[in-house]
Amino acid sequence: MTEKAYEVAHLDELDRFPVDEEGLVWRPVRRRLGIRAFGTNAYTAEKAGDRVVEEHLERDGHEELYLVANGRATFTLGDDEIDAPEGTLVYATPGTKRGAVAVEPETTIVAFGAKPGVPHEISGWEGIFVAHGHLKNGEEEQGRQAMAAALAERPNDWQGQYNAACFESLTGNKEAAIAHLQRAIELDPKAREFAEKDSDFDWLRADSEFPA
Amino acid sequence: MSGTAKITDLAIPLGSGPRWAMVRAHFGIGAFGVNAYVADEPGVAVIGEHDELGNLSGRHEELYFVSAGHATFTVEGDEIDAPAGTFVFVRDPAAKRGAIATEAGTTIVIAGGKPGEAFTPSAWERSAPALNYFATQDYDKAIEEFERLRAEAPDDPGLLYNLACAESLGGRTADALAHLSRAVELDPDFRRLAEKDSDFDPIRSEPEFASAVAGEPGADGSGA
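Protein sequences, first through last, are from chains A and B. If you count by numbering that gives the first Met the number 0, then the first sequence holds residues 0 to 211, one letter each, in order. If you count by numbering that gives the first Met the number 0, then the second sequence holds residues 0 to 223, one letter each, in order.
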């Protein structure tokens, strides 16, 4: 089968996957269109005051460019606060702390990113975010399928196993949750430290088989 | 260095075409290609028809995002209505693509790269600082900038072509003919471009122009 020469999608057609408790909603673009040479995604805040770019550094060395596609946001870039209406570009080097909060409802930001000097590698977090996004949207079965696909792509990635453990814990599957968490700890013992404080495991923590 | 800018503030005129915002060069982005074009009037070819196979191209996959206004794309002969918020991703470098603005202020952001390879800027984009001087008709400075680039890539046909454009507009007829001839010799695709390119209007009636466009060495008698 040959790939189509091109793909078309509108922002309104992209999935909406909730990411955190601050209102950040991830809209996958790269996955939807099959882009391989660089990363790109959109993020929407449904209400003013919701987060539209997570506050973070790019520890894996990605340069990132953000475009305010709809609405208006207040960016934090290093120590600066930036008013960013529609049409504003914000560029962040990997070591610069950045984040943004929506000033208007339905503010949407399109982000582009990659690491200079090396071929682009698709981020492992995408599949995990899809799985948890489906779960937050009440689509457990679709989430489970997405998690299985993410684990199949990177079976020895401790973060994947850890997130699978969270998924199983949140859906009440004790044995599967413990098995994935044990595997995550085998792959990287720091999974234990995360699990000790992660509220996703609160109901399991007192269980004698819980490994953290 | 991290920073911020508005697309409309970055966009500079490009003759009768759209305004061009050199986003990647402005921020010094090294990991992927990114630029934007702004059409101030409907009917402007906000993305000129092209593919990603030519010598000036990076054989990139390209993502076009309509960030404002409304455009009609044509990709591989298919017409695509593209209001603000539309993504058009062209993965095949051989696919012909272009877009016409249907509203004033139509803005398209383009990101690109080649899968499986570290990003390097396309040859045409390395010419961006020199092309800036076309807008202010400062052709001497454009020539100086192209010559600096040519020291790194003496046989880059795109650079030679653009250099010839600047020389033609700057009144350096003999140099323009020599460099156009060499560009066409290295890449015959430039023949078709040169025949219609208004940058060569000042030298089009020169007797040597026809042989220069034919890519014949020594079109100006110098053999340069």
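Check each hint, because a few of them may be wrong.
Claimed, not checked - Which chain A residues stay away from chain B? Per the calculated CB distances, all over 10 angstroms, these:
no.	residue
1	H9
2	T39
3	A47
4	K114
5	H119
6	G123
7	L203
Unchecked claim - Computed beta-carbon distance windows for the label pairs:
no.	chain 1	residue 1	chain 2	residue 2	range
8	A	I121	B	K5	49 to 55 angstroms
9	A	R15	B	G16	42 to 48 angstroms
10	A	E12	B	Q136	42 to 48 angstroms
Because the hints were derived from the structure by calculation, they are not lab data. Computed from a prediction, not measured in an experiment: that's the story for all the values here. Note that beta-carbon positions come from the ideal geometry of N, C-alpha and C, so glycine has one too.
Verification of the supplied hints:
no.: 1; hint: H9; result: violated, 5 angstroms
no.: 2; hint: T39; result: violated, 6 angstroms
no.: 3; hint: A47; result: holds, 20 angstroms
no.: 4; hint: K114; result: violated, 6 angstroms
no.: 5; hint: H119; result: violated, 7 angstroms
no.: 6; hint: G123; result: holds, 18 angstroms
no.: 7; hint: L203; result: holds, 41 angstroms
no.: 8; hint: I121(A) / K5(B): 49 to 55 angstroms; result: violated, 31 angstroms
no.: 9; hint: R15(A) / G16(B): 42 to 48 angstroms; result: violated, 37 angstroms
no.: 10; hint: E12(A) / Q136(B): 42 to 48 angstroms; result: holds, 45 angstroms
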